[in-house]
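Peer 1: The chain contents come next:
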Amino acid sequence: MHIVVCMKQVPRDNSVKINPDLSINADGIEKIINLFDEYAVEEGLAWNEQHGGKLTILSMGGDEWVEQMRRALAMGATDALLLRDPAFASLDTLAAAKVVAAAIRKLGDVDLIFTGRNSTDDESGAFAPALARTLGWPQLTYVGKVLSVDPAAKTIIAERHLEAVMETVRAPLPAVVSVIKDINSPRYPSLLKIKKVARVEPPVWSAADLGVGELASAATVAARVPPPARTKGELIDGPDAAAKVKKLVDRLLESQII
Amino acid sequence: MSGVLVIIEQVDGGVAALSRELLGKGKELAAVLGGALSAVVIGANVAALAQQAAGLGATTVYTVEDASLAAYTTDGYVAAARAAVDTAQPALILAGASFQMRDFGAALAADLDAGLAVDVTDLRTEGGALSAMRPSHGGNVLNTYSFAAGRPVVALARKQSFAPAQEGGAGSVQSLPMPATTIRTEVQSVAPKSGAVNLSDAAIIVSGGRGLGDKESYYRLIPPLAEALGGAYGASRAIVDAGWVPYEHQVGQTGKTVSPKLYVACGISGAIQHLAGMRSSRNIVAINRDAEAPIFRSANFGVVGDVKELLPLLTEELKARLGR
Chain A
730 MHIVVCMKQV PRDNSVKINP DLSINADGIE KIINLFDEYA VEEGLAWNEQ
780 HGGKLTILSM GGDEWVEQMR RALAMGATDA LLLRDPAFAS LDTLAAAKVV
830 AAAIRKLGDV DLIFTGRNST DDESGAFAPA LARTLGWPQL TYVGKVLSVD
880 PAAKTIIAER HLEAVMETVR APLPAVVSVI KDINSPRYPS LLKIKKVARV
930 EPPVWSAADL GVGELASAAT VAARVPPPAR TKGELIDGPD AAAKVKKLVD
980 RLLESQII
Chain B
298 MSGVLVIIEQ VDGGVAALSR ELLGKGKELA AVLGGALSAV VIGANVAALA
348 QQAAGLGATT VYTVEDASLA AYTTDGYVAA ARAAVDTAQP ALILAGASFQ
398 MRDFGAALAA DLDAGLAVDV TDLRTEGGAL SAMRPSHGGN VLNTYSFAAG
448 RPVVALARKQ SFAPAQEGGA GSVQSLPMPA TTIRTEVQSV APKSGAVNLS
498 DAAIIVSGGR GLGDKESYYR LIPPLAEALG GAYGASRAIV DAGWVPYEHQ
548 VGQTGKTVSP KLYVACGISG AIQHLAGMRS SRNIVAINRD AEAPIFRSAN
598 FGVVGDVKEL LPLLTEELKA RLGR
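In the order they appear, the protein sequences are chains A and B.
In terms of the working numbering, the first sequence opens at residue 730 and continues consecutively.
In terms of the working numbering, the second sequence opens at residue 298 and continues consecutively.
It should be emphasised that the hints constitute simulated quantities derived from the structure, not laboratory data.
There's no promise every hint is true.
Covered by chain A, according to a simulated footprint, are these stretches of chain B (three or more residues, beta-carbon under 8 Å) [claimed, not checked]:
(1) 409–416
(2) 435–445
(3) 551–561
(4) 612–618
All C-beta atoms in this analysis are idealised placements derived from N, C-alpha and C, irrespective of residue type, glycine included.
Isolated chain A, as found in the complex:
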């Protein structure tokens, strides 16, 4: 079977700045595989090992993204594909999903797509549902455990872990699955494998290759600011621990916080 993992590169932490043109400035912050996508890569690898076939890492971004794609190849992915075009630079999530859907259709033989529940920078969690609907495939989001993938019967059964309940859901393949943290333990690529893929250049598909025409985003960023600073807090002091505790409880009660 052919499994695709949609993977995004993100800054390791979110101490980002805002450029004058409102784009995000993450200069000087290490770039990593989006944490939830790393679990998606591991889940893809596990089912690829069981059923064979291809495991393709698919990313949309610039050349600098290739580094993280190589890491996924070193983890064991068989193929990689980069979607790169200036037209993809500032798409909203739904428009980005249209581009990725076009690539999935062009690949033609994809049975199953794994991706993270959301990216740790944008945090919307809209990509997996948008991709599924654009493809016309069923979706299983917030999956904490995949119980079975049956390529012959073309089904997947998985547990969706929501805030307070857990659902067990069966979907026909092909399907889009988004995974949460702790669904598995992502493997570390060996140094030998990292060396082996160090020069791999994934094929690149452009907007023209994909035949995607006008990609007008419905949502655009009109303003971007840092959060307002919190008013300076109050340090609770006292001669000893008991005095500090009493003063803290006094202040919480006075302020009607408790």
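Since chain A is already given, all that's left is putting chain B on it; use the hints.
Peer 2: Relative to chain A, chain B alone:
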């Protein structure tokens, strides 16, 4: 295309607090943007819920009732919502930002080729145009989105962003047939999560971190303090990764995002990943041995000291003063 449509969610058979907030904001926005405020109630048995929603300011409450809607499925709920969308032709569709509503809202937006904003904390109008505010990057960036003309907007809002609708409206209830649709997924079971901690709903959260020293100290100090405050207990990523506390309790960028009335951070230094998950709390108390810990910069009240000494005293003091 005009007016506002609210997707009603239910909690314990009643209209969810968040849906009331959306009805309150929806009414205000409809008055400015033009058109009516309507709502849709989706499910297998929703008559009582629809009556309740009709008293909360919507002109029309649509119901889409079908046995196939007993459990949530993306296909079923999106098809049902489409029945209301196609009837009301709203410019703006409002729903909550829970996991299930993200699954639903993003799918609906994709089907409608709509503008989408998730985790919305404010909605504004200027010159008849709608804009949506949402945080990203762990709360380090506040984005204002504007939307292309002629396409509807789906906004998924965070709890407690808007004032709830007042009781006393007298809207009409209109039943819509469930559109013919194939529900491709089969929900085999729905069960409450074992040991589920709904941190997202807790009004008070007490969280612990590395400063507690070990797992035993966490369980000896944190849950009793949470109990004394009538709250839930959370944890930093560091101690979840160390295996002290299950992932369910993790607050932060890769765990839960919470905004309780009171957040008490005990022995948590305040790494940016943790702040991402709790900085929108209304009140923050930080207790830490290190006076230079970044958590103090986000706290309303800070206590510098040893958590192992302070927390037992705090729990006893609260028990005595709050009578729990």
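Peer 1: Evaluate each hint against the coordinates.
Peer 2: Going through the hints against the structure:
no. : hint    : in the structure
1   : 409–416 : holds (count 7)
2   : 435–445 : holds (count 11)
3   : 551–561 : holds (count 4)
4   : 612–618 : holds (count 3)
Checked against the numbered hints above, the structure breaks none of them.
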